[in-house]
Amino acid sequence: MNGEQAAHERRERVLRMLLPVAVLALGVLVWDLVVRLNQIPPYILPSPGLVLSTLISDWSVLSASLLVTLETTVQGFLLAAVGGIGLAVLFNQSRLIEHSLYPYAVILQVTPVVAIAPLLLIYLPQEAAVLVCAWIVAFFPVLANTTLGLNSIDYNLADLFRLYGASRGQVLWRLKLPSALPQMLAGLKIAGGLSLIGAVVAEIAAGSAGAGSGLAYRIAESGYRLNIPRMFAALLLLSVAGIVIFVLLSAFSHLMLRRWHESAVSREG
Amino acid sequence: MTEATGKPIVALRDVGKVFATGTVALGSLNLDVRDGEFVSLLGPSGCGKSTALRIIAGLSEPSRGTVEWPGEEPRHRIGFVFQEPTLMPWATVAGNVALPLSLAGTDKAAARPKVIEALTRVGLADFADAYPRQLSGGMRMRVSIARALVTAPRLLLMDEPFAALDEITRFKLNDDLIALWRELGMTVVFVTHSVFESVFLSQRIVVMTARPGRVFRELAIDAAGRDARFRTSAEYAGYCRIASEALAEASAVPLGAPA
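Read top to bottom, the protein sequences are chains A and B. Adding 42 to a residue's 1-based position in the first sequence gives its number in this note's numbering. Adding 212 to a residue's 1-based position in the second sequence gives its number in this note's numbering.
Among the clues, some could well be false.
Stated by the list, open to error - Computed list of lysine to any residue pairs in SDA-like fashion (alpha-carbon distance at most 20 Å, straight line):
1. B:Lys-320 with B:Asp-341
2. B:Lys-320 with A:Lys-231
3. B:Lys-320 with A:Gln-212
4. B:Lys-384 with B:Gly-307
5. B:Lys-320 with A:Gly-207
6. B:Lys-320 with A:Arg-267
7. B:Lys-320 with A:Ser-281
8. B:Lys-326 with B:Gly-307
9. B:Lys-384 with B:Lys-320
10. B:Lys-320 with A:Val-213
11. A:Lys-231 with A:Ile-164
Stated by the list, open to error - From chain A, some residues computed to sit far from chain B (all C-beta separations above 10 Å):
12. Gln-81
13. Leu-92
14. Val-152
15. Leu-166
16. Ser-194
17. Ala-208
18. Leu-217
19. Pro-220
FYI, nobody ran anything at the bench for these hints, they're computed from the structure. Glycine is no exception: its CB is placed at the ideal position from the N, C-alpha and C atoms.
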């Protein structure tokens, strides 16, 4: 019974790994066949092989752009993490500040960043504007999730801290922040993907040529030049970057919570 | 009705509590807790026994009346055990037990022997580095008790600590609690709605009425051996009957009538 169950679980795990790969392979195959059979020219739809070879041949241009976009993304993410967590802590410590500022955090969040980006580009140097866009999109989930976490502490534990004469700082540092960690990490996981989106949106809006041009700019530029294979190659790189960011943040979250939080603990029996 | 076992360690004088919602949790409570005794507050739910405990602990301010501490240092020698184990899931067992010490600024190395001593008292010395989620409900409650003991409190306040545990675990913890009380010579105020638990543990049972909560009757339990044999003795059964009747009477007191 037990061995059977283990075998079943193993089969399921292998299936879970194989199925997406199989779907990908099938998709690429269909794509390739469609291009070949219909003899679609590469400036309309390049074949997967051509995208791959473009990725290799244009690697020097694309990798430089990738680095630019990644740098913006990482900076935007870090600022969002610091800003989101910092604001959440500030809101938690002072109702006055929370009531004064929270509506504006929401406004920043609900105003589409595509619409803000052109304005920012007028007032700020391009790099700063792109960074601010990445930050605007990414900080809110960190703020909202951390706030939720800071507000959902165990009230008996809070009483216990009070009973033993804990200072405000001790309550924050030793009770509230550890309690909020799971939600905080969930917010950071969302923010990672969003800061990439923010950076891309701002680059597209910026659109102008320059030495420090990111991947999104490459996509726009390639579009104007009808260099469709390069568009696809850049898009592919963006997706991979997004996936890597997500995986890294998930791993970080798991590492932080694996000892104690239900979400990261595998159940036995 | 009550015997004088020592001078009072804390006394509630005409203590009342009205919540912001208008609910009268405590009517007018007079209660002396004497040094070294084991006293239970027994009553139906809503009789304010937990509120009384929180007021003693200083976690809640009385709406009227006073809490007197005839001796010296009041609050920092209190241990509190909640109905839930109330452990920090992100900290190890040792980390949880060390909390009262580290909040007071004791450094880790100095706290460690006290933590191990407290854990040894509850039989969990081998689990110092485990996380709460790895423990059973009974073991978590033991950790909670160890944390309350780590400051060597003179007064241990317990708010229905074993209510959520199964009977076998509860009996075992009752036995252990009696042993700890004897060994450490502390004062225990134990809130419960279980007649059997209160009779087994206490020297004195304070039966309370509900809405508003106040003392209905006090019962002294003069039994020497509190062990497995006591639990099945006629003496125990007799006390349980008396306490049950008192509780039934207390619950039957019409709302607002004088006790």
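Going down the list of hints, with the structure as the test:
About 14 Å separates the Cα atoms of Lys-320 (chain B) and Asp-341 (chain B), which keeps this hinted pair within 20 Å; it holds. Using a Cα cut-off of 20 Å, the hinted pair Lys-320 (chain B) and Lys-231 (chain A) is violated, with the two alpha carbons roughly 34 Å apart. Annotation: proposed proximity of Lys-320 (chain B) to Gln-212 (chain A) holds, straight-line Cα distance about 16 Å (limit 20 Å). Distance check on the hinted pair: Lys-384 (chain B) and Gly-307 (chain B) sit about 25 Å apart at the alpha-carbon level, beyond 20 Å; violated.
A distance of roughly 18 Å separates the Cα atoms of Lys-320 (chain B) and Gly-207 (chain A); the hinted pair therefore holds under the 20 Å criterion. For the proposed pair Lys-320 (chain B) and Arg-267 (chain A), the alpha carbon gap of about 66 Å is over 20 Å, so the pair is violated. The hinted pair formed by Lys-320 (chain B) and Ser-281 (chain A) fails the criterion: a straight-line CA distance of about 47 Å is larger than 20 Å. Proposed proximity of Lys-326 (chain B) and Gly-307 (chain B) is supported: the alpha carbons are some 12 Å apart, at most 20 Å.
The suggested pairing of Lys-384 (chain B) with Lys-320 (chain B) is violated, with an alpha-carbon distance near 31 Å, which exceeds 20 Å. Taking the CA atoms of Lys-320 (chain B) and Val-213 (chain A), the gap is near 18 Å; set against the 20 Å cutoff, the hint holds. With a CA separation close to 31 Å, the supplied pair Lys-231 (chain A) and Ile-164 (chain A) exceeds the 20 Å bound. Once the 10 Å rule is applied to beta carbons, Gln-81 (chain A) is consistent with being away from chain B; the minimum gap is 61 Å.
The non-interface label for Leu-92 (chain A) is consistent with chain B: the shortest C-beta to C-beta separation is roughly 52 Å, beyond 10 Å. Non-interface call for Val-152 (chain A) relative to chain B: holds, since the shortest CB-CB distance, roughly 34 Å, exceeds 10 Å. With a cut of 10 Å on Cβ distances, Leu-166 (chain A) stays outside the contact zone with chain B, its closest approach being about 40 Å. Residue-level check passed: Ser-194 (chain A) sits 13 Å from the nearest beta carbon of chain B, beyond 10 Å.
Separation of Ala-208 (chain A) from chain B is inadequate, the least Cβ-Cβ distance of about 5 Å not exceeding the 10 Å criterion. Leu-217 (chain A), annotated as away from the interface, has a beta carbon of chain B within 10 Å; the closest lies near 8 Å. Against chain B, the non-interface label of Pro-220 (chain A) is violated: not every CB pair exceeds 10 Å, the least being about 5 Å.
The structure fails to meet hints 2, 4, 6, 7, 9, 11, 17, 18 and 19 from the earlier list, while all remaining hints are met.
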